[in-house]
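Chemist: In the numbering used here, the protein residues as written are 214 to 368.
Careful, some of the hints might be misleading.
What the hints assert, rightly or not - Quick list of in silico lysine-lysine cross-link-like pairs, DSSO-like style, CA-CA up to 27 Å:
(1) Lys239 x Lys271
(2) Lys281 x Lys354
(3) Lys352 x Lys218
(4) Lys338 x Lys365
(5) Lys270 x Lys354
(6) Lys365 x Lys352
(7) Lys281 x Lys271
(8) Lys271 x Lys285
(9) Lys325 x Lys218
(10) Lys354 x Lys365
(11) Lys239 x Lys354
(12) Lys285 x Lys269
(13) Lys338 x Lys285
(14) Lys338 x Lys270
(15) Lys352 x Lys281
(16) Lys218 x Lys338
(17) Lys271 x Lys218
(18) Lys239 x Lys270
(19) Lys365 x Lys218
Unchecked claim - Pairwise CB distance ranges (calculated):
(20) Lys271 x Pro231: 19 to 25 Å
(21) Ala367 x Lys325: 34 to 40 Å
(22) Phe324 x Pro231: 19 to 25 Å
(23) Ser336 x Asp306: 28 to 34 Å
(24) Val290 x Ala264: 37 to 43 Å
If you are wondering where the hints come from, they were derived from the structure by calculation, not from laboratory data.
This one's a predicted model, so the numbers in the text were calculated from it and none came from an experiment.
Positions of the beta carbon are idealized from the N, C-alpha and C atoms, including for glycine.
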Amino acid sequence: MSNLKEIADGYIGYTEGPNNDTEFGKWFGLNNQPWCAMAASKILHEAGVLAQYSSKKKGHASCDEWLKHLAKSNQLVPIGQAQRGDLVFFQFDDDAQPDHVGIVQYHNTAFKYVNVWEGNTSSGKAGSQSNGDGFYLKKRKYDTIMAVARPKGAK
């Protein structure tokens, strides 16, 4: 996972075209759709570690499906134990479904936040956090986190 940071950092600032047109959606074969999970899948694929997170060749396009797979595979860990490379699922509304997913870049346990590489989010605090226009490094407090999942074999 040593090249994960380099790969993810290389996408920071990437923005979608009209109607969710992205290289992530094209790669996944499901363009013009919400793409946060496809972005995480592609980055993990490029880093050569996607199989540790999913039994599917290209990962997942749905946050809900991916979180259910990881829960069933006993890969969930407490929020306070998040570390680089973990997937983090967010809840921004009041339903019981995950709204968004990203990859942990850094975890600050003292101030209870994680920095997360995220696709399909807005660049700042304004705009949609779960259906934005680009790929950014975001600082997220614990109260937005629904679940954290660790790749198989990671400690």
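Chemist: Need the status of pair Lys352, Lys218: alpha-carbon distance at most 27 Å?
Modeler: 16 Å, holds
Chemist: Run the distance test for Lys281 versus Lys354: straight-line Cα separation, threshold 27 Å.
Modeler: 23 Å, holds
Chemist: Assess, step by step, whether the Cα of Lys325 is no farther than 27 Å from the Cα of Lys218, and give holds or violated.
Modeler: Measuring from Cα to Cα gives roughly 21 Å; hence the hint holds.
Chemist: Regarding Ser336 and Asp306, is the given constraint of 28 to 34 Å on their beta-carbon distance met?
Modeler: 21 Å, violated
Chemist: Decide if the proposed pair is consistent with the structure: Lys271 and Lys218, CA atoms, cutoff 27 Å inclusive.
Modeler: 20 Å, holds
Chemist: Can you confirm whether the C-alpha distance between Lys285 and Lys269 stays at or below 27 Å?
Modeler: 14 Å, holds
Chemist: Is it true that the CA of Lys338 sits at most 27 Å from the CA of Lys285?
Modeler: Status violated; Cα separation ~33 Å.
Chemist: Does the Cβ distance between Lys271 and Pro231 fall inside 19 to 25 Å?
Modeler: 24 Å, holds
Chemist: Taking only the CA atoms, is the gap from Lys281 to Lys271 under or equal to 27 Å?
Modeler: Distance of about 16 Å is within 27 Å: holds.
Chemist: Are the Cα positions of Lys352 and Lys281 separated by 27 Å at most?
Modeler: Since the Cα atoms of Lys352 and Lys281 sit roughly 25 Å apart, the hinted pair holds (cutoff 27 Å).
Chemist: For Lys239 and Lys354, compute the direct alpha-carbon distance and say whether it is at most 27 Å.
Modeler: Status violated; Cα separation ~31 Å.
Chemist: Within a Cα-Cα threshold of 27 Å, do Lys354 and Lys365 meet the stated pairing?
Modeler: 25 Å, holds
Going through the hint list in order, the structure does not satisfy hints 4, 5, 11, 13, 14, 21, 22, 23, 24.
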